[in-house]
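*Asks:* Protein chains in written order, with the working numbering: chain U, 17 to 253; chain X, 27 to 499.
Any given hint might turn out to be false.
[Stated by the list, open to error] As a list, the in silico DSS-like pairs of lysine-lysine whose alpha-carbon atoms are at most 27 Å apart:
1) Lys382/X - Lys229/U
2) Lys187/X - Lys238/U
3) Lys44/X - Lys336/X
4) Lys306/X - Lys230/X
5) Lys75/U - Lys24/U
6) Lys342/X - Lys237/X
7) Lys187/X - Lys229/U
8) Lys306/X - Lys436/X
9) Lys447/X - Lys238/U
10) Lys447/X - Lys237/X
11) Lys44/X - Lys327/X
12) Lys187/X - Lys207/X
13) Lys306/X - Lys327/X
14) Lys231/U - Lys230/X
15) Lys327/X - Lys342/X
16) Lys103/U - Lys79/U
17) Lys187/X - Lys231/U
18) Lys187/X - Lys336/X
19) Lys336/X - Lys237/X
20) Lys231/U - Lys336/X
21) Lys237/X - Lys382/X
If you are wondering where the hints come from, they were derived from the structure by calculation, not from laboratory data.
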Amino acid sequence: MSEPVGVKTLQINGEEVSARSGQTILEVAREHDIDIPTLCHLEGLSDVGACRLCLVEIKGSNKLLPACVTTVFEGMEVSTHTERLQKHRHMILELLFAERNHVCSVCVANGHCELQSLAQDQGLTHISLPYRNPELTVDASLERFTVDHNRCILCTRCVRVCAEIEGAHVWDVMGRGINSTVITDLNDPWGSSSCTRCGKCVQVCPTGALFDKSKVGSDHPKYPDFLPYLNLMREAR
Amino acid sequence: MTQTITIDPVTRLEGHGKITIQLDNQGQVEDAHFHVTQVRGFERFSQGRPFYEMPSLMARICGICPVSHLIASAKACEAIMSVRIPHTAAQLRRMLNLAQMVQSHALSFFYLASPDLLLGMESDPAARHVFGVVAAKPELGLAGIGLRRFGQHIIELLGNKRIHPGWVVPGGVTEPLDPAKRDEILASIPEAFANIRLALAAYKQIADRFKPEIEIFANFPSNYMSLINEDESIEFTDGALRMIDPQGAVLDDGITASRFSEVIGEAVEPYSYTKFAYYKPLGYPAGSYRVGPLARLNIVKSMGTALAEKELAEFKQLAAGPVQSSFHYHHARLIEILYGIEKIEQILTDPLILDKHVRASAGVNRLEGAGQAEAPRGTLMHHYRVDENGLITWANLVIATGQNNNAMNKGVLQAAREYVKDGKFTEGTLNRVEAVIRTFDPCLSCSTHAFGQMPLVLSLLSADGAVVDQVVR
Chain U
17 MSEPVGVKTL QINGEEVSAR SGQTILEVAR EHDIDIPTLC HLEGLSDVGA CRLCLVEIKG
77 SNKLLPACVT TVFEGMEVST HTERLQKHRH MILELLFAER NHVCSVCVAN GHCELQSLAQ
137 DQGLTHISLP YRNPELTVDA SLERFTVDHN RCILCTRCVR VCAEIEGAHV WDVMGRGINS
197 TVITDLNDPW GSSSCTRCGK CVQVCPTGAL FDKSKVGSDH PKYPDFLPYL NLMREAR
Chain X
27 MTQTITIDPV TRLEGHGKIT IQLDNQGQVE DAHFHVTQVR GFERFSQGRP FYEMPSLMAR
87 ICGICPVSHL IASAKACEAI MSVRIPHTAA QLRRMLNLAQ MVQSHALSFF YLASPDLLLG
147 MESDPAARHV FGVVAAKPEL GLAGIGLRRF GQHIIELLGN KRIHPGWVVP GGVTEPLDPA
207 KRDEILASIP EAFANIRLAL AAYKQIADRF KPEIEIFANF PSNYMSLINE DESIEFTDGA
267 LRMIDPQGAV LDDGITASRF SEVIGEAVEP YSYTKFAYYK PLGYPAGSYR VGPLARLNIV
327 KSMGTALAEK ELAEFKQLAA GPVQSSFHYH HARLIEILYG IEKIEQILTD PLILDKHVRA
387 SAGVNRLEGA GQAEAPRGTL MHHYRVDENG LITWANLVIA TGQNNNAMNK GVLQAAREYV
447 KDGKFTEGTL NRVEAVIRTF DPCLSCSTHA FGQMPLVLSL LSADGAVVDQ VVR
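Model the full structure from these sequences, guided by the hints.
*Replies:* Here's what the structure looks like:
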């Protein structure tokens, strides 16, 4: 039996807001124009709480909780922009930049990259951690698209869109921890995988990790907005 | 007691370099070298990258002439794709390349060289810079700034960015030319003409004062190489290479990019990160040659534009056969600026210049490709190999400065022998040694290449500069 739909009242940054039961803090915040930065979250896909950028503070809990997967409760008091949170977000972004080889100036996503925009929003100008400079591969075996693992932040949007929307589940994650990487099929070259060539993964990738070969050198904006419409149309059927 | 004079860094150059002059026991110059002291590693770290990313990656080698790298790189990629780019794209790229030549030559002549020429080799070093020129000769200083702005502004209009425009891609360019931009460029042309006329007239007035320098500044017979059109007119973007001997006779002709590596070899010397290019049939160092404005004007028979044609005829009067003194690079540079402005105007009147079809597309159709173009400083060649997915497996770049390297070293020695006598020298004489290098307008940042384990020389100098001990790896 699902929980009956009820109205919950809570505070976000001192502001009284009402929400439907079962909603996440992120959903409620966005409905009330309260900005919480996100990277792995995408409207139309399930949430996994992977990037940790949406961490919020909840009164009475010592733990920081990801707003995208934490549901609201009555009387909840949420803070979204404390000094502690800002410090963590800054550090998360620094870690993302230091982990692989993100060179904006020569990246196809330059100017249309969610990681880059977030760094700008957060006022990140320098990386205080040493870069790891790993030697990662580029898979250009597919005719139209390329995956450059140097730019992947393991948000798993590609994995989710492929499994949940396209229904192909070509993408998945291999390895553990720092050695994790997204793969196609059982780590086969993308070009010889069971990929349907639909291109949804390219459109939802927040960075230049997945890109259209023909867009190199030109602007490469991505259009992930199609997802909610696609879901809506499917539900209506 | 031997002594080493070190000029470090050599100023008013692009990149980091130093000059060492070795004196013998009597204080006479025994040898002199020009060292490029940095290493970049572009050929190595581009391995594994998709080939279509190469133009934008390689353009980062330099902020002065990113356009030359964009064009040579895009042409190498097009050889891999086996495509011929649309006519309009070729014309737009030609214009971009000329705009960059104009701005780079303006930088070389006005910002880097003119302080020596207009203020004097011996003038106060604290004021021997472009601001000193603007203070002493405002109209010339402003003409120089104006010419550089002219070129940079065209690059910005075409590529949306003054430095490292991303507009040139394998297959052509990303966007056609907007009519408003064409009109804006056309409107800026009269001022550019006025500026270059002023500069040419001023240069001709003062050139006679530098007769002694003309005699000494890398003045020796050498081979020359540059791109040339089939009708023997000057070319910066297409055409094929021609090599001439010191008398002006054609040694080799029709050298396309795919033939480049058959004809041109690269030698390595332990004292520099820049390689020494040579013409293979003559061997090293006999096959050394010069490239750049002097080489181009020595090789071509015509400019193909009215005003520059007259200037070329006058330039050819400087010598019977090829003009040999590197001092005349300055003069050649100004003539090329004039040509660049005329040619840009010509290109803009091409009826197809606003055509919307500016990009060809193709995948990997060959596993190897090379592209060449004339950078402001001389011939530039990019050569790549890729795997079947188009990922770079090997890259080699042959840069103008590497091709002028032997001549620069010879020029430094020639000048050092003239200006350093009995172990005595002044700031002004050493400035003349530096000025020899400046005539070539070398770009050191794009010229550096590591070849295997680079030799390292450690010198221990005593307080008076004498070499006490030396270790060579």
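*Asks:* Could you run down the list of hints and mark each one as holding or not?
*Replies:* To see whether the hints hold, each was checked on the structure:
1. Lys382/X - Lys229/U: holds, 21 Å
2. Lys187/X - Lys238/U: Holds. Lys187/X to Lys238/U sits at ~22 Å (cutoff 27 Å).
3. Lys44/X - Lys336/X: violated, 38 Å
4. Lys306/X - Lys230/X: Status violated; Cα separation ~38 Å.
5. Lys75/U - Lys24/U: Holds, at about 16 Å.
6. Lys342/X - Lys237/X: holds, 17 Å
7. Lys187/X - Lys229/U: The hint holds at about 22 Å.
8. Lys306/X - Lys436/X: holds, 20 Å
9. Lys447/X - Lys238/U: violated, 67 Å
10. Lys447/X - Lys237/X: OK: Lys447/X and Lys237/X at ~20 Å, within 27 Å.
11. Lys44/X - Lys327/X: Given that 27 Å is the threshold and the Cα spacing comes to 36 Å, the pair is violated.
12. Lys187/X - Lys207/X: Since the Cα atoms of Lys187/X and Lys207/X sit roughly 14 Å apart, the hinted pair holds (cutoff 27 Å).
13. Lys306/X - Lys327/X: holds, 25 Å
14. Lys231/U - Lys230/X: Roughly 49 Å separates the two Cα atoms, so the pair is violated.
15. Lys327/X - Lys342/X: holds, 10 Å
16. Lys103/U - Lys79/U: Holds, at roughly 15 Å.
17. Lys187/X - Lys231/U: holds, 18 Å
18. Lys187/X - Lys336/X: Distance ~34 Å between Lys187/X and Lys336/X Cα, so the pair is violated.
19. Lys336/X - Lys237/X: Judged against 27 Å, a Cα distance of about 23 Å means the pair holds.
20. Lys231/U - Lys336/X: At roughly 45 Å apart (the allowed maximum being 27 Å), Lys336/X and Lys231/U break the hint.
21. Lys237/X - Lys382/X: violated, 52 Å
In the structure shown, a violation is registered for the earlier hints numbered 3, 4, 9, 11, 14, 18, 20, 21, in ascending order.
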